[in-house]
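Make the full structure from the sequences, and use the hints.
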Amino acid sequence: MNRLEQAAIAGVMSREVANFRTFWKATTFSSVLEPVVYLLAFGLGLGATIVNRVDGLEYVEFVGTGMVATAVIFASALPAMFGTFVKHRFQRTYDAILAAPVDVEELVTAEMLWIGIRAGVYGCFPLLVSFAFGLDPSPGMLVVPLFCFVTALGFAAFGIAVAGTVGKIDHFNYVTTLVITPLFLVAGTFFPIDQLPQGFQVAAQFNPLYQLVELVRHAAFGFEATDLLRFAVLIGFAFAMWRLAVRQMTARLID
Amino acid sequence: MLGGVNGSDGTPGQAAIELRGVVKRFGDLIAVDHLDLEVPTGICLGLLGPNGAGKSTTMRLLTGQAIADAGELRALGFELPAEAKAARAQMGVVPQLDNLDVDVTVEDNLSVFARLYRVGDVGAAVDRALELARLTDRRRAAVDELSGGMRRRLLLARGLVHEPRLILLDEPTVGLDPQIRTQVWSLVDELRSRGMTILMSTHYIEEAERLADEVAVMAHGRIIARGRPSDLIAEHAGRETAEVYGPPARLAEVRAAAEARDVRVRPAGPAIAIVGAERAVDGVTPTDAVWRAASLEDVFVMLTGEEAE
Numbered sequence: 005m006n007r008l009e010q011a012a013i014a015g016v017m018s019r020e021v022a023n024f025r026t027f028w029k030a031t032t033f034s035s036v037l038e039p040v041v042y043l044l045a046f047g048l049g050l051g052a053t054i055v056n057r058v059d060g061l062e063y064v065e066f067v068g069t070g071m072v073a074t075a076v077i078f079a080s081a082l083p084a085m086f087g088t089f090v091k092h093r094f095q096r097t098y099d100a101i102l103a104a105p106v107d108v109e110e111l112v113t114a115e116m117l118w119i120g121i122r123a124g125v126y127g128c129f130p131l132l133v134s135f136a137f138g139l140d141p142s143p144g145m146l147v148v149p150l151f152c153f154v155t156a157l158g159f160a161a162f163g164i165a166v167a168g169t170v171g172k173i174d175h176f177n178y179v180t181t182l183v184i185t186p187l188f189l190v191a192g193t194f195f196p197i198d199q200l201p202q203g204f205q206v207a208a209q210f211n212p213l214y215q216l217v218e219l220v221r222h223a224a225f226g227f228e229a230t231d232l233l234r235f236a237v238l239i240g241f242a243f244a245m246w247r248l249a250v251r252q253m254t255a256r257l258i259d
Numbered sequence: 080m081l082g083g084v085n086g087s088d089g090t091p092g093q094a095a096i097e098l099r100g101v102v103k104r105f106g107d108l109i110a111v112d113h114l115d116l117e118v119p120t121g122i123c124l125g126l127l128g129p130n131g132a133g134k135s136t137t138m139r140l141l142t143g144q145a146i147a148d149a150g151e152l153r154a155l156g157f158e159l160p161a162e163a164k165a166a167r168a169q170m171g172v173v174p175q176l177d178n179l180d181v182d183v184t185v186e187d188n189l190s191v192f193a194r195l196y197r198v199g200d201v202g203a204a205v206d207r208a209l210e211l212a213r214l215t216d217r218r219r220a221a222v223d224e225l226s227g228g229m230r231r232r233l234l235l236a237r238g239l240v241h242e243p244r245l246i247l248l249d250e251p252t253v254g255l256d257p258q259i260r261t262q263v264w265s266l267v268d269e270l271r272s273r274g275m276t277i278l279m280s281t282h283y284i285e286e287a288e289r290l291a292d293e294v295a296v297m298a299h300g301r302i303i304a305r306g307r308p309s310d311l312i313a314e315h316a317g318r319e320t321a322e323v324y325g326p327p328a329r330l331a332e333v334r335a336a337a338e339a340r341d342v343r344v345r346p347a348g349p350a351i352a353i354v355g356a357e358r359a360v361d362g363v364t365p366t367d368a369v370w371r372a373a374s375l376e377d378v379f380v381m382l383t384g385e386e387a388e
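Same order as they appear, the protein sequences are chains A and B. The first sequence begins at 5 in my numbering and counts up by one. The second sequence begins at 80 in my numbering and counts up by one.
These are calculated hints, taken from the structure and not from any lab test. Treat the hints with care, since some could be wrong.
Which chain B residues stay away from chain A? Per the calculated CB distances, all over 10 Å, these [what the hints assert, rightly or not]:
1. Glu158
2. Leu225
3. Leu255
4. Asp310
5. Glu319
6. Arg343
Derived DEER-like restraints, expressed as beta-carbon distance ranges [what the hints assert, rightly or not]:
7. A:Trp28 with B:Pro346: 53 to 61 Å
8. A:Leu182 with B:Glu151: 45 to 53 Å
9. B:Asp223 with A:Phe86: 16 to 24 Å
10. B:Ile146 with A:Ser34: 37 to 45 Å
11. A:Leu232 with B:His113: 57 to 65 Å
12. A:Thr169 with B:Gly274: 43 to 51 Å
13. B:Glu117 with A:Asp259: 18 to 26 Å
14. B:Gly202 with A:His175: 40 to 48 Å
15. B:Gly274 with A:Leu182: 52 to 60 Å
16. A:Thr32 with B:Glu151: 50 to 58 Å
Not the full set, but computed from the structure, chain A residues with beta-carbon under 10 Å of chain B [what the hints assert, rightly or not]:
17. Glu9
18. Ser18
19. Ala22
20. Thr97
21. Tyr98
22. Val106
23. Asp107
24. Ile258
25. Asp259
All C-beta atoms, glycine included, are put in the ideal place defined by N, C-alpha and C.
This is how it looks when you write it as structure tokens:
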């Protein structure tokens, strides 16, 4: 048999789709409302009173594009962490799936692809919302879903790997506080990273979210030559996390 | 609808499951200890043993969800774990604990697994499984709206949606109330009558007695006795059992007298049971003893040293 069978991956994804149909309204509602709240609070509040322009952009333009990355990480890493843990430990879903002709690698790949697609779509909502707040659409934005998808694959796999490693669901607190929050703060979402100390600026180059923020802003306001490199970083991140997730989940699921 | 042997690669007469010298350790614990087990095609084998005997681990070894440390394993002619995926494609697994997707419909639960098993006509497979589980009129209900018995039948139907050649039933009625247990039993009976090969683990004597063509008693990771229930009883328990009630001192006296005659005695709740009491009539078995036919329970308790549930 082939290593990754399409039928197995499609089957696992069809399970996710069936379940998603029961809760899509709630997730979609919060995905649309969240950028509205942020834009009102930061963009209008902070933007109108303290800062008018950031890096040559209107604050709404700056935050509206930056929030794409926030939406992506919160629609990928967190659902992957909690979803994987719950499906494995509490619902025993993975025991059922692995009793069928599906192996761990196919299972992980399917879960990651599904979250990637979902977060790829949800990542676009901040842009759509920002249009209403004065952000101008541009043709470059058409590739934003692709950037979101690839980044989300990486963070979905990261979340699955974390879930395959921790012993208790409470341990996720360490991961959100020590990894996810710093990543999303030092990504240039709400303020440009060149205001940060040199060390942070160098570290940010290794932050996939920062690379995504840059790519989205360039998609909106003009691409640069280094963007290919940035995209390569995102692909590399997704690939490395995929292998890590498969390894951790194999250790967790197969005795 | 559910045929017995219908795969093209199943050689006639070939065993559905062959395990030889299988060892599985978890750290210092030896869960499966040089296990030899053969399940011929077309029978229902009851794997009977107390909790912790290694039954569930054996089931997981057969699906490739656990990897043996030593030994040879074959299921449906496929070598495990190398060809576990191919073996799983023709196997149906019904787990001990309910792992249905509770938010989605009955139908969705079945169709997802029909796809995972690469069934050609998903719609037809779902219809067949619904009929088997007698859930056709509840197909669009969410699983968490179902009664316990319906959920259990759905769990069984999900494991059968692809018309497997071999079914693994892991403690199919553990923790269920008697009424639901009867429903599950009649479903399993139906599968047996269709000639399906079934490996069923259980620690309920009655379940093994009712459903299994052959019983393998498992303890400490290996099979310690095997045969048809009636043969096991004749071999290990004799014809009749006499239960004796009374104060501990008296029971100890009776026990000593019986054991002096080489007749075995086992605990039976507050009482003791003289097993094979027909060989200890004169003076050993008290006149107030309660006589009954020897049972699989006598065999189980004597072989495993554990009181049955």
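Broken hints, by number:
none
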